[in-house]
Amino acid sequence: AAGNRLVEDDQDESDYDVFVARCRSPHITTPLATWRENARYLAASPTALRFAFLCAYAAHSGVRQLGLQLLPSLRYPLDPPRAFANSVRCPLEWTPLLESGGSRLSELTLAFLVRCLLESPDRASLIGGLNFLANLATVPEKGNEDSLLNGLPSAIWPRLAQLICLPDLAVVCATIEALRFLTKLGQYACAFAWQACLDWSANVAASAVPLILVQPLLALLTLEGQAMGSQSLHFRLNHRTRKR
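First residue of the sequence shown? That's 1 in the UniProt record's numbering, and the numbers climb one at a time after it.
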């Protein structure tokens, strides 16, 4: 609910500083930050956002997991309005991380997404980045469309196409969720993603690209989650060596 108005899952037009995560993955528990009242103050506080990003970049696994739970549960506009771009007196619904040159929130967020989706070998970081990307795409009135399409490298799109084919139920669910909200941005976003995949598949015949991208989605219509086996449940513990 938003105020006294009931909001449906796909018709959430409430203020974007308050958000309930809508991930369909059965492996992800809902952190307290996803409650609207909690998310409102976290997303509107530069100090809270700095803390969440610091946790997500921490070397300690427990602290990093905290950051990966906090950030993906929030959504906010990546670019503040021009009238407030260089002012610390921003409205509550805008969340700038200000420096002398203006807001750096957009740059910090996009760099974090690139790290999670393209650079990090950590599975938890990958799933957190996918959920974060999906949530940022739900800002009302397509507020983050330009920042996400133009700020992220084009390699993000073929990367999402690859992740659909992984035998990992949690990753596949998070990828589909991200694709669902990104494609809901409209025709331009879909054409942009399609062109990025075409450029990436330069060595593939143009007539074969639709099959490469559509076939995995069609296969998911008849795929049972149990058919993926137990590979998504495997994990490995690494022994920690103490420094003397």
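Keep in mind the hints are simulated off the structure, nothing from the lab. Any given hint could turn out to be false.
[As the list claims (entries may be wrong)] Across the chosen pairs, the derived CB separations fall in these ranges:
# : residue 1 : residue 2 : range
1 : Q65       : L221      : 32 to 38 Å
2 : E224      : R104      : 42 to 48 Å
3 : Q187      : A124      : 32 to 38 Å
4 : A219      : Q195      : 21 to 27 Å
5 : P140      : Q187      : 16 to 22 Å
6 : S154      : L223      : 38 to 44 Å
7 : T47       : Q162      : 32 to 38 Å
Beta carbons: idealized from backbone N, C-alpha and C, even for Gly.
Hint by hint, here is what the structure shows:
1. Q65 <-> L221: 32 to 38 Å: holds (33 Å)
2. E224 <-> R104: 42 to 48 Å: Hint holds: Cβ distance 45 Å, inside 42 to 48 Å.
3. Q187 <-> A124: 32 to 38 Å: With a Cβ separation near 34 Å, Q187 and A124 satisfy 32 to 38 Å, so the hint holds.
4. A219 <-> Q195: 21 to 27 Å: Roughly 24 Å apart at Cβ, these two residues keep to the hinted range, so it holds.
5. P140 <-> Q187: 16 to 22 Å: Distance hint for P140, Q187 holds at roughly 18 Å.
6. S154 <-> L223: 38 to 44 Å: Given about 28 Å between the Cβ atoms, the range is violated.
7. T47 <-> Q162: 32 to 38 Å: At roughly 37 Å between Cβ atoms, Q162 and T47 fall inside 32 to 38 Å, so the hint holds.
In summary, the one numbered hint that this structure violates is 6.
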